[in-house]
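Peer 1: Okay, here's what each chain looks like letter by letter:
Protein chains: 2
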Amino acid sequence: MCAVGTGPDDLGARVEFPTTTPEETIRRVVEFFRERGKREKLSAVGVASFGPIDLHPGSPHFGYITSTPKPGWQNTDLVGPLRRALGVPVGFDTDVNGAALAEGLWGAAQKLDSFVYVTIGTGIGGGGVVEKKLIHGALHPEMGHMNVAHDWRQDPFAGVCPFHGDCWEGLCSGPAIEKRWGKKAEELPADHPAWELEAHYLALGVMNLVSTLSPQRIILGGGVMRHQELFPLARQKTVELLKGYIQIPEITERIDEYIVPPKLGENAGVLGAIALALGC
Amino acid sequence: MCAVGTGPDDLGARVEFPTTTPEETIRRVVEFFRERGKREKLSAVGVASFGPIDLHPGSPHFGYITSTPKPGWQNTDLVGPLRRALGVPVGFDTDVNGAALAEGLWGAAQKLDSFVYVTIGTGIGGGGVVEKKLIHGALHPEMGHMNVAHDWRQDPFAGVCPFHGDCWEGLCSGPAIEKRWGKKAEELPADHPAWELEAHYLALGVMNLVSTLSPQRIILGGGVMRHQELFPLARQKTVELLKGYIQIPEITERIDEYIVPPKLGENAGVLGAIALALGC
Numbered sequence: 277m278c279a280v281g282t283g284p285d286d287l288g289a290r291v292e293f294p295t296t297t298p299e300e301t302i303r304r305v306v307e308f309f310r311e312r313g314k315r316e317k318l319s320a321v322g323v324a325s326f327g328p329i330d331l332h333p334g335s336p337h338f339g340y341i342t343s344t345p346k347p348g349w350q351n352t353d354l355v356g357p358l359r360r361a362l363g364v365p366v367g368f369d370t371d372v373n374g375a376a377l378a379e380g381l382w383g384a385a386q387k388l389d390s391f392v393y394v395t396i397g398t399g400i401g402g403g404g405v406v407e408k409k410l411i412h413g414a415l416h417p418e419m420g421h422m423n424v425a426h427d428w429r430q431d432p433f434a435g436v437c438p439f440h441g442d443c444w445e446g447l448c449s450g451p452a453i454e455k456r457w458g459k460k461a462e463e464l465p466a467d468h469p470a471w472e473l474e475a476h477y478l479a480l481g482v483m484n485l486v487s488t489l490s491p492q493r494i495i496l497g498g499g500v501m502r503h504q505e506l507f508p509l510a511r512q513k514t515v516e517l518l519k520g521y522i523q524i525p526e527i528t529e530r531i532d533e534y535i536v537p538p539k540l541g542e543n544a545g546v547l548g549a550i551a552l553a554l555g556c
Numbered sequence: 277m278c279a280v281g282t283g284p285d286d287l288g289a290r291v292e293f294p295t296t297t298p299e300e301t302i303r304r305v306v307e308f309f310r311e312r313g314k315r316e317k318l319s320a321v322g323v324a325s326f327g328p329i330d331l332h333p334g335s336p337h338f339g340y341i342t343s344t345p346k347p348g349w350q351n352t353d354l355v356g357p358l359r360r361a362l363g364v365p366v367g368f369d370t371d372v373n374g375a376a377l378a379e380g381l382w383g384a385a386q387k388l389d390s391f392v393y394v395t396i397g398t399g400i401g402g403g404g405v406v407e408k409k410l411i412h413g414a415l416h417p418e419m420g421h422m423n424v425a426h427d428w429r430q431d432p433f434a435g436v437c438p439f440h441g442d443c444w445e446g447l448c449s450g451p452a453i454e455k456r457w458g459k460k461a462e463e464l465p466a467d468h469p470a471w472e473l474e475a476h477y478l479a480l481g482v483m484n485l486v487s488t489l490s491p492q493r494i495i496l497g498g499g500v501m502r503h504q505e506l507f508p509l510a511r512q513k514t515v516e517l518l519k520g521y522i523q524i525p526e527i528t529e530r531i532d533e534y535i536v537p538p539k540l541g542e543n544a545g546v547l548g549a550i551a552l553a554l555g556c
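So the protein sequences, as listed, match chains A and B.
The numbering of the first sequence is our numbering, which starts it at 277 and goes up by one.
The numbering of the second sequence is our numbering, which starts it at 277 and goes up by one.
Bound-form chain A, shown alone:
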């Protein structure tokens, strides 16, 4: 998905094409921006990419997608071809770090120093800001792959993560719901026990984000969270699981403003890329 603009109030039409081979996909991206660059001056390009990616400025593979399971995309240089073809600086980060940045600039986390954005969909991914800086460190967060208190006696489902089985993503992503109950999430009625269990796993993950990052807000997006009834359930279960240990008004008094949906909706992806371009 590509677009040209400077923010949510200045965002041109999004253009979308399928992620096929790296060569073809990058060629189409370059064509799009070359064409648009004839009409308006491009100052920078931002790329909010699926991962894992190499973000070390000194690394010979900086700007590459690295060990992804996506066929054909291992060790693919994204930044190099775009910079060479377009002649502008390229901002680069994970899709979720980009979305977190965009929610901080224009969305659900404005004016906060420290927050987390998590998407719960075909997988679970998370990006975060600590003291106004995106979390990178050795790589970048892979929040979906944390382990959580899976009680096999209550829930004998083995999980769907091809790496870890019952990590957070393995138990709580869209495919986990579908495999556990034999039906897609959107086909499950609102009173199905799936939702209570889903909220429980959401809360376990949220509890670990609170314990490790102490964010000022947690934004939960992605396809699964379009089931809005999950928000009150997940909030309630988070408060229950924390057992009063974390005494902060964000949790004890304002949980409705603590665990929230994103505000940028379908534009979170391209706005994330634009936020990364603005940071160049």
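If you are wondering where the hints come from, they were derived from the structure by calculation, not from laboratory data.
Just to be clear, a hint being listed does not mean it is correct.
A pair counts as met if it fits within one copy or between any two copies, since identical chains are not told apart.
[What the hints assert, rightly or not] Keeping only pairs whose Cα atoms sit at most 30 Å apart, straight-line, the calculated DSSO-like set for lysine-lysine is:
id	residue 1	residue 2
1	Lys317	Lys519
2	Lys409	Lys317
3	Lys387	Lys513
4	Lys346	Lys519
5	Lys314	Lys460
6	Lys409	Lys460
7	Lys519	Lys460
8	Lys346	Lys539
9	Lys314	Lys387
10	Lys513	Lys460
11	Lys387	Lys408
12	Lys459	Lys519
13	Lys346	Lys513
14	Lys459	Lys513
15	Lys387	Lys460
16	Lys409	Lys387
17	Lys387	Lys346
18	Lys513	Lys455
Start from chain A and add chain B according to the hints.
Peer 2: Same frame as chain A, but now just chain B:
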């Protein structure tokens, strides 16, 4: 524990007295620094405190210990009395954030932008640095209270955390070892199955720190980690649990330098306080 100095190479004798009532304890701290202040000029005081504490500069309770279970210490102003009595700036943070800062300045995390310090002892606490800044956010991390994949079928022990039962601290702290096996950790022989299980829980916690914070190094200190044989075991189990998903040389090639003991040993506490004073 109190000391005067500017770092590990300039650290006067530590003075230690028991934590009794807030009044008596703060009075003895003030006396110690007043007495020392007659001989050398104090520029600032740092306090690396047990928590939870209030670190919000604008809060009416900034500088207080807040909801601690320690009798008599709830809602105790630490920073106010010290600043009034000593007339110097007071740096204030959690003991583990202080220790993390000190390990970054002088110890096992020098020159790193992003790392975590965890102490595994009578409880589990952790502090962290992301992009050179201590993690604060809504409060401060409470890493011991994350949940981990406790498999009740393999380990029916309910945990010792008074709040959460089988959180990381509940399963993996010194008191957890003692209660699970009916013996203090130091009385268990090196070939006791306790160590394998302990390393497993250490690795589950480490895996969650890697997933959420992506640190460049994880320092494990505290009384339990004096059992040095835990380090190779915990490293091996961390690599096994990650299942090759996180492909970074820190983990795939240099795990011995990734999960390490602290370097400041018994001085980590006072050096943490000095690091906080230096930041004033």
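Peer 1: Now tell me if each hint is right for this structure.
Peer 2: Results for each hint:
In the homo-oligomer, the alpha carbons of Lys317 and Lys519 never lie at most 30 Å apart, since the shortest distance is 54 Å inside one protomer and 46 Å across protomers. Within a single copy, Lys409 and Lys317 get their C-alpha atoms as close as 28 Å, which meets the 30 Å cut-off; across copies the closest is 36 Å, which misses it. Taking the shortest alpha-carbon separations for Lys387 and Lys513, only the intra-copy value of 27 Å comes in at or below 30 Å, while the best inter-copy value is 40 Å. Only between protomers do Lys346 and Lys519 lie at most 30 Å apart by alpha-carbon distance; the minimum there is 17 Å, versus 40 Å within a single protomer.
In this assembly of identical chains, Lys314 and Lys460 lie within 30 Å of each other by CA distance neither inside one copy nor across copies; the values are 44 Å within and 73 Å between. For the homomeric pair Lys409 and Lys460, neither the shortest alpha-carbon distance inside one copy (37 Å) nor that between copies (42 Å) is at most 30 Å. Taking identical chains as interchangeable, the C-alpha atoms of Lys519 and Lys460 lie at most 30 Å apart only when they sit on different chains, with a minimum of 28 Å there against 33 Å within one chain. For the identical chains of this complex, Lys346 and Lys539 are intra-copy neighbours only, at 29 Å inside a copy versus 41 Å across copies, given an alpha-carbon limit of 30 Å.
For a Cα distance limit of 30 Å, the shortest separation of Lys314 from Lys387 qualifies neither inside one copy, at 36 Å, nor across copies, at 45 Å. Taking the shortest alpha-carbon separations for Lys513 and Lys460, only the intra-copy value of 23 Å comes in at or below 30 Å, while the best inter-copy value is 35 Å. For the homomeric pair Lys387 and Lys408, the shortest alpha-carbon distances inside one copy (9 Å) and between copies (21 Å) are both at most 30 Å. For the homomeric pair Lys459 and Lys519, the shortest alpha-carbon distance between copies (29 Å) is at most 30 Å, but the shortest distance inside one copy (33 Å) is not.
Proximity of Lys346 and Lys513 under a CA criterion of 30 Å is satisfied inter-copy only: 27 Å between copies versus 34 Å inside one chain copy. Taking CA atoms no more than 30 Å apart as the test, Lys459 paired with Lys513 passes inside one copy only; the shortest distance there is 24 Å, against 35 Å between copies. Taking identical chains as interchangeable, the C-alpha atoms of Lys387 and Lys460 are never at most 30 Å apart, the minima being 37 Å within one chain and 48 Å between chains. In this homomeric assembly, Lys409 and Lys387 come within 30 Å of each other (Cα to Cα) both inside a single copy, at 13 Å, and across copies, at 18 Å.
Taking CA atoms no more than 30 Å apart as the test, Lys387 paired with Lys346 passes in neither setting, with 36 Å inside one copy and 35 Å between copies. In the homo-oligomer, the alpha carbons of Lys513 and Lys455 lie at most 30 Å apart both inside one protomer (23 Å) and across protomers (29 Å), since each shortest distance falls under that limit.
The earlier numbered hints that this structure contradicts are 1, 5, 6, 9, 15 and 17.
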